[in-house]
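Residue-level listing of the chains:
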Amino acid sequence: MNNYELMVIFTPVLSEEDFKASQKKYQDLIAELGGASVHSNPWGLKSLAYPIQKKTTGIYWVLEFTLPAEGIEKLKIQLLRDEQVMRHMVTRLDKYAVEYNYTKRNGGFAKQDKAEA
Amino acid sequence: MAKNEIKYLTAIKQEKPKKKFCRFKKYGIKYVDYKDIEFLKKFVNEQGKLLPRRLSGNSLKYQRKVTEAVKKARQMSLMPYVTDLYK
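Going down the list, the protein sequences come from chains A and B. Each residue of the first sequence is one higher than the last, beginning at 700 in our numbering. Each residue of the second sequence is one higher than the last, beginning at 8 in our numbering.
One thing to keep in mind: the hints can contain errors.
[Unchecked claim] Residues of chain A placed beyond 10 Å of chain B at every Cβ, according to the derived structure:
1) PHE718
2) ALA735
3) SER736
4) ASP781
[Unchecked claim] Each computed DSS-like pair below joins lysine-lysine, with the alpha-carbon atoms no more than 27 Å apart:
5) A/LYS745 <-> B/LYS48
6) A/LYS753 <-> B/LYS42
7) B/LYS79 <-> A/LYS723
8) A/LYS754 <-> B/LYS56
9) A/LYS803 <-> B/LYS14
[Claimed, not checked] If the Cβ cut is set under 8 Å, some of the chain A residues that face chain B in the computed set are:
10) MET706
11) ILE708
12) ALA748
13) TYR749
14) ILE751
15) VAL761
16) VAL784
17) ARG786
18) MET788
19) THR790
20) TYR795
21) ALA796
22) TYR799
Just so you know, the hints here were simulated from the structure itself, not pulled from any lab data. These numbers come from a predicted model, not from an experiment. Even for Gly, the Cβ is constructed at its ideal location relative to N, Cα and C.
The following block holds chain A by itself, in its conformation from the complex (with noise of 0.2 Å):
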């Protein structure tokens, strides 16, 4: 069961019910293979930095979750399949990304801590 962090760019024409109904469906996807979901964190409608498929907004959905590594394969064949899905990254998270997001989570972090120097 290893930790990992899926970022999703959804295309802007989504309405507010399909990105929950998307994000539904991959937090059941990620049940279905054996792990479970951590954390979502769905940042919503956000300018992108260079236009991706001649889009200049996109939505953005962060969801943390634990998994078998063979199941990654399957999360990632849904995840191209969807066209909704524009860009999407699967990061894995060492025990210090892990902690550093408990953290981040439960407003651990001091804002002088980050903004030093």
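Start from chain A and add chain B according to the hints.
Relative to chain A, chain B alone:
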């Protein structure tokens, strides 16, 4: 004219540049998050290009983590590949 022009035998010791330190070691930051754009902006110059170690003052281990995070941020278009007046 010559009176106030003081000749120095040895070159004047110019102002010593600020001692650079690796902020990751100093503040014990272990993970560079590719989503944290404000923090990554410190390691990128105006054109959005990565700063070399001699300028950013990072140690090798953390400079690699920073480059990896910046490249991931660029891939997910959180940061531009190249731009002007980015800061």
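Here is what the structure says about each hint:
no. : hint                 : in the structure
1   : PHE718               : holds (17 Å)
2   : ALA735               : holds (21 Å)
3   : SER736               : holds (17 Å)
4   : ASP781               : holds (17 Å)
5   : A/LYS745 <-> B/LYS48 : holds (18 Å)
6   : A/LYS753 <-> B/LYS42 : holds (23 Å)
7   : B/LYS79 <-> A/LYS723 : holds (25 Å)
8   : A/LYS754 <-> B/LYS56 : holds (24 Å)
9   : A/LYS803 <-> B/LYS14 : violated (59 Å)
10  : MET706               : holds (6 Å)
11  : ILE708               : holds (7 Å)
12  : ALA748               : holds (4 Å)
13  : TYR749               : holds (6 Å)
14  : ILE751               : holds (6 Å)
15  : VAL761               : holds (7 Å)
16  : VAL784               : violated (12 Å)
17  : ARG786               : holds (7 Å)
18  : MET788               : holds (6 Å)
19  : THR790               : holds (7 Å)
20  : TYR795               : holds (4 Å)
21  : ALA796               : holds (5 Å)
22  : TYR799               : holds (4 Å)
Comparing the model with each numbered hint stated earlier shows that hints 9 and 16 do not hold.
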